[in-house]
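Input sequences plus hints: build the corresponding full structure.
Sequence lines, in order, name chains A, B, C and D. Position one of the first sequence corresponds to residue 1 (our numbering), numbered consecutively onward. Position one of the second sequence corresponds to residue 1001 (our numbering), numbered consecutively onward. Position one of the third sequence corresponds to residue 2001 (our numbering), numbered consecutively onward. Position one of the fourth sequence corresponds to residue 3001 (our numbering), numbered consecutively onward.
Keep in mind that the hints were calculated from the coordinates and are not lab data.
Which chain C residues face chain B? A few, computed with CB under 8 Å, are given here:
#, residue
1, Phe2080
2, Glu2132
3, His2133
4, Gln2136
5, Asp2224
6, Ser2226
7, Tyr2227
8, Lys2230
9, Gln2231
10, Leu2235
Just the calculated beta-carbon pair ranges, DEER-fashion:
#, chain 1, residue 1, chain 2, residue 2, range
11, D, Ala3166, A, Arg165, 36 to 42 Å
12, A, Gln24, C, Thr2124, 44 to 50 Å
13, A, Pro113, C, Ala2333, 45 to 51 Å
14, B, Glu1188, D, Thr3124, 40 to 46 Å
The C-beta atom is built at its ideal place from N, Cα and C for all residues, glycine as well.
One-letter residues, chain by chain:
Number of protein chains: 4
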Amino acid sequence: MPVITGRKSFGSDNHTGAHPEVIQAIAAANVGDAHPYGADEWTARAAGDLCDAFGAAGAFFVFNGSAANVLGVSLLLRPFEAVICADSSHLNVDECGATERILGNKLLTVATPDGKLTTELVATRLTGRGDEHRAQPRVVEIAQVTELGTCYSLDELRRLSELCRAEGLYLYVDGARLANAAANLDCELAELAASADILSFGGTKNGAVAAEAVIVMRDELLTDVSYLRKQQMQLGSKMRFLAAQFSALLEDKLWLRSAQHANAMAARLGAGLSGLPGVTVRYPVQSNAVFAVLNKERITALQRDWTFYTWDEDEGVVRWMTAFDTSEDDVDAFVEAIRASGEVGIASQAV
Amino acid sequence: MPVITGRKSFGSDNHTGAHPEVIQAIAAANVGDAHPYGADEWTARAAGDLCDAFGAAGAFFVFNGSAANVLGVSLLLRPFEAVICADSSHLNVDECGATERILGNKLLTVATPDGKLTTELVATRLTGRGDEHRAQPRVVEIAQVTELGTCYSLDELRRLSELCRAEGLYLYVDGARLANAAANLDCELAELAASADILSFGGTKNGAVAAEAVIVMRDELLTDVSYLRKQQMQLGSKMRFLAAQFSALLEDKLWLRSAQHANAMAARLGAGLSGLPGVTVRYPVQSNAVFAVLNKERITALQRDWTFYTWDEDEGVVRWMTAFDTSEDDVDAFVEAIRASGEVGIASQAV
Amino acid sequence: MPVITGRKSFGSDNHTGAHPEVIQAIAAANVGDAHPYGADEWTARAAGDLCDAFGAAGAFFVFNGSAANVLGVSLLLRPFEAVICADSSHLNVDECGATERILGNKLLTVATPDGKLTTELVATRLTGRGDEHRAQPRVVEIAQVTELGTCYSLDELRRLSELCRAEGLYLYVDGARLANAAANLDCELAELAASADILSFGGTKNGAVAAEAVIVMRDELLTDVSYLRKQQMQLGSKMRFLAAQFSALLEDKLWLRSAQHANAMAARLGAGLSGLPGVTVRYPVQSNAVFAVLNKERITALQRDWTFYTWDEDEGVVRWMTAFDTSEDDVDAFVEAIRASGEVGIASQAV
Amino acid sequence: MPVITGRKSFGSDNHTGAHPEVIQAIAAANVGDAHPYGADEWTARAAGDLCDAFGAAGAFFVFNGSAANVLGVSLLLRPFEAVICADSSHLNVDECGATERILGNKLLTVATPDGKLTTELVATRLTGRGDEHRAQPRVVEIAQVTELGTCYSLDELRRLSELCRAEGLYLYVDGARLANAAANLDCELAELAASADILSFGGTKNGAVAAEAVIVMRDELLTDVSYLRKQQMQLGSKMRFLAAQFSALLEDKLWLRSAQHANAMAARLGAGLSGLPGVTVRYPVQSNAVFAVLNKERITALQRDWTFYTWDEDEGVVRWMTAFDTSEDDVDAFVEAIRASGEVGIASQAV
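In structure tokens, the structure reads:
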């Protein structure tokens, strides 16, 4: 498959390279020797800054989002316990069964209208507690923002958190795109984190090369992290190069500026679609993703020149994502292409 | 823990940063969009070049050495099968039980004099075949170079390979320092690989930031790789940044030049020790590691100024490692310090 | 909890003891020494007879139904593959997450109206094949009879089997109550088995003490059975005592006579309910279970004197099961009690 | 393989059938209905009696010895923790890798002269504590009696227990033949148990059909048992039939009488061998096993008429086991056969 040329990809925020400041930080960290496995000053500084930003007890770097999720929930589960999650969750759909294989824990999935769990939906999975025949629910896993681009309000997070506390459950937040949620809600990371026991904070989709952080909110959850990260094959020897990426993202809130820009581009795209005949936006645009429904001929036609994924082939749903380096011109040109594909479509229908 | 300052670390080849050409390659890959998860041209080129160099069927990038080993052996094992390995192997000692946890397979360990398995040692573990009560030996795992810095000759590899074929076993090679073995044996990677079914090829200790390759020698072993890599949480989305590191290492055989230099520095260190009273080199110096025995007061004294690990506290064994960026002056200064520590030692004994 | 006295339990077919002929067979097998782990003549005979009855390649005894299911599907799965099953399946609900924990494989659950998968329902789970991010569907698991007492027709089995073959899937049948299905369909075990790759054949609910058989239909699936059964901790040393139970069940088709009787008692119960006001039978009565809906006061009142489980508290669903030793008088007395509970209910409503 | 006829097997204590009183107890439990999964009066009584005998917090029935061991250690381990055990242990050798597969935990094996761990041997495995790269030792597993027929004295148990407490380790005792140890030491079960955190108590080799008990000594270790037993596929539905077997064994200490007899028969065999030329007893005879060394021609000759296992083919070691139903005449005839085999051997050597 060739380099994507000519036109900006709307396929995913991981089609984009790294933010130039991240690359510079990697290069700048390449001086002299350092103690490996995180016992270096870059890691101390980046982890400390993350703890400050989240009000957390510890921050630990891993290589990718699946690993962050698996490590995160593994800190909260005994062997016979289960994770309640949306059936559309990355944990359930996009990790090739890693939770089941690596941890051995069951996922209790729930269908949702928009990728978001509610207290009512969680409650449907709280049956059979105390029954030895049943895997016991223990963790509620949500993604913020969700895999459908939607965003929990702080109030929705609070309600889930209260349910968890009342029911003896933990709340884990998959924050692969947490930056986009903070940008959308215009809130601090600590406000997002207040409801959670453990979160991930995604670097890769926010401009890093390959770095995610697992944020542990309470001291008593720290005891096993270092062993489990190592056992799960996520302990980097030259950790400074992961840490330096996060320091770059934290510097003057680069993470927030990038997320704000990506969100703005998605909003611009969403706005551009309104009034376009034959294109329906499927979910509220609350991050850097726009899900839309349009007919299959148009999808096929557009994919000749533009890069994006069909989300649901049967229903004609596509996902269009923006990134920190998507420009207004990119969006405008894509909107124009979408519009034009409709005319062709209409034309071809007329024939 | 502070930055290691002033004096070059002899602690490990992962105390070193990355080779400048690797950093440049990362920066150079940061152009435009690319298909994620390895469907990009950087990955195609690097994997292709690795296949050419090894005479292999496929090459797959992962983030670190533990992951390369676990993925590698996972391609060769059914649930009830076991891995024969040296009790000093990284797989057994330094991966926090990842093989048992992530794969569920048993390790059948063997004590060795020098970190190397022999056909005789392997044969001691071939009992109970066909007996349903026993985990069935299926993979012989060796490290080239070993965790004790020793190196299998091509002839030793061949004999192990022949035993494996005769006994229906696979041979997996942990090549975290395969470059150092090639440099020591003055042979091609393909010659090292000829005996193996699957190998890892270490980038990180050879100058990369965080990148290892799993080299699969035969087509029929390829079917599950992509799923298992993903499931084992080792699939990077922005794969180009791992691939670019390997392309930099392969360019004009940078990997070999770096390994030759590191080996030469270890040889210089080993030579410098000869004739030093109270210092015994423990294993033949066949790579970039020197293991030595000296008394504990001298170890303690040296560790005040120099960074290195005590390998066996009871027996007073230390490990001194060199890297691509260890200089002759570094070695000479260190040898002088070791020599001087003896005089202090002798002096203090005289008191 | 005391012995259930006075009145026959309608709670489950495992509330019943063992068939007297099974106990006699255990006693009769207790003569002299025998080779352990199944290398005895009792095991050879029982396994051989089962193979004959099913047209199977091999039959293997285990201790309970969860183990039979886990062993059965484990013979069909690679680490990254998944099982499509009804969300009401025993495998999903009643094994405390054993598949995920013991095997590490994912379950892809489907909601069903009556506990039965259809080709259309299976097809909804066949997305993402070939995509390394997704666990790959490989086994279709059905229970015959289902956990809701319903029974697949031979035609329905055939259609599922054809889909499996067309799609490269395996069909596993949880036959904890396979005897009841054979009785209901008036067919041979071999006819039930023809569609499957592997089945379990339940002894315990059919009159055994603690014995189930895993029936493997094809030679090429036999290679790993003995190792996996041992590793899954299901290899009995004094195997003759499991085998003898099955020989007793097979003798003059005791298994069929017992199942026919249990089914007839359920049919009698179902018939007795028709016309009772306030009691609705929920699923077709096709085995030894009757699911009914009635109001909660009546359930509570009945449970004072009779033993049975509430299946769904919210919806007021109860499950009533019969066994080989349920008598017509037991059923008639129970029907009368149900009828009478309605009068009390009506009376109490009148007040 | 045919029934073993004519001559009593010295192969294993599981070649024997069940004790007649056990069979009677099974038959006697087959009355009426009972709540399943252990919520019956037979289970309450047997578990209560076991708790009394051991001074334990809980007793749980499983189907076989491998399962008892795996369940037992699973109650004591976090995912990154390891079990220190003799390399000859059943856990390591004879369970087809179940600990690694079912639990995912590592075994840290130690070579022993006689199957027994000592505090010194355990100490050799306590390196790397607190190092995230190493699986962390947490459980010391011993068999009482050992797989080599030897028996820990109460003093040896006490020393191991003290080490465990001092080092933050748990002590698990594989008691597949605990009865034989109690008989040998002439002590109470509670005395054997005092040093342990969890033990198994073997029924099968002591006259049961298929039943073992997991004995949990302290309340705080009880929380997960019921879930883990179910998840590990060891929860029997008709539990009364397992419990009844244990009640039979406990009745007038049948377990002890049977073990005393078996031990006496092994002692008689050992005594009979003394003075026989060419036969060396290998380990102290402290239970119902005699390990002996003799030349391979004699082994082959004896195995024509007698059933027993060669333990180590290279070294000519055989294992001869007695059971509750081995008679003095059986032993005497066997001793005579061994003696006679020597004459043939000598004769054949003379030729």
